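Model the full assembly from the supplied sequences, consistent with the hints where possible.
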Amino acid sequence: MNDTSYHRFVTHVQYFAQRVVNGLVQGTNDAFLFEQVQQNYPQAFACTKKIKTYIREAYDFEMSKDEQVYLTIHIQRLKGH
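Numbering (our numbering), first residue to last: 3 to 83.
These aren't lab readings, by the way, just hints derived from the structure by calculation. All of these numbers come straight from a predicted model, not from anything done at the bench. Misleading hints may appear alongside valid ones.
In silico lysine-lysine, BS3-like type, Cα no more than 30 Å apart, as pairs [said to hold, decoys possible]:
| id | residue 1 | residue 2 |
| --- | --- | --- |
| 1 | 52 | 67 |
| 2 | 52 | 81 |
| 3 | 51 | 67 |
| 4 | 81 | 51 |
| 5 | 81 | 67 |
| 6 | 67 | 54 |
| 7 | 54 | 81 |
Distance ranges between label pairs, derived from CB positions [unchecked claim]:
| id | residue 1 | residue 2 | range |
| --- | --- | --- | --- |
| 8 | 55 | 31 | 15 to 25 Å |
| 9 | 37 | 58 | 14 to 24 Å |
| 10 | 6 | 59 | 24 to 34 Å |
| 11 | 24 | 82 | 24 to 34 Å |
| 12 | 27 | 52 | 16 to 26 Å |
| 13 | 5 | 64 | 27 to 37 Å |
| 14 | 62 | 6 | 27 to 37 Å |
| 15 | 55 | 14 | 25 to 35 Å |
| 16 | 82 | 25 | 28 to 38 Å |
| 17 | 25 | 5 | 31 to 41 Å |
| 18 | 82 | 41 | 17 to 27 Å |
All residues carry an ideal CB built from backbone N, CA and C; glycine is no exception.
Below, the structure is given as structure tokens:
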């Protein structure tokens, strides 16, 4: 695992957690990028979907498509492509 990828992931999760706590949905919901990561990184996207479900159920917070894209990319990097 690349240390840089790990630190970026942790930083992303920290800021995401702050947005969840504060109820701030961020992003433009770019459908094209969303479809691309869904198709190109199916395992990482499946993990993101599980996180999305948990966040929705535990915190009543809906993740934007952009947030799902970023999280999927970070997870994919941690997998080592």
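A quick look at each hint next to the structure:
no.: 1; hint: 52 to 67; in the structure: 14 Å, holds
no.: 2; hint: 52 to 81; in the structure: 16 Å, holds
no.: 3; hint: 51 to 67; in the structure: 11 Å, holds
no.: 4; hint: 81 to 51; in the structure: 16 Å, holds
no.: 5; hint: 81 to 67; in the structure: 21 Å, holds
no.: 6; hint: 67 to 54; in the structure: 10 Å, holds
no.: 7; hint: 54 to 81; in the structure: 19 Å, holds
no.: 8; hint: 55 to 31: 15 to 25 Å; in the structure: 18 Å, holds
no.: 9; hint: 37 to 58: 14 to 24 Å; in the structure: 21 Å, holds
no.: 10; hint: 6 to 59: 24 to 34 Å; in the structure: 32 Å, holds
no.: 11; hint: 24 to 82: 24 to 34 Å; in the structure: 33 Å, holds
no.: 12; hint: 27 to 52: 16 to 26 Å; in the structure: 19 Å, holds
no.: 13; hint: 5 to 64: 27 to 37 Å; in the structure: 32 Å, holds
no.: 14; hint: 62 to 6: 27 to 37 Å; in the structure: 33 Å, holds
no.: 15; hint: 55 to 14: 25 to 35 Å; in the structure: 19 Å, violated
no.: 16; hint: 82 to 25: 28 to 38 Å; in the structure: 34 Å, holds
no.: 17; hint: 25 to 5: 31 to 41 Å; in the structure: 32 Å, holds
no.: 18; hint: 82 to 41: 17 to 27 Å; in the structure: 19 Å, holds
The structure is inconsistent with hint 15 alone, although it conforms to all the rest.
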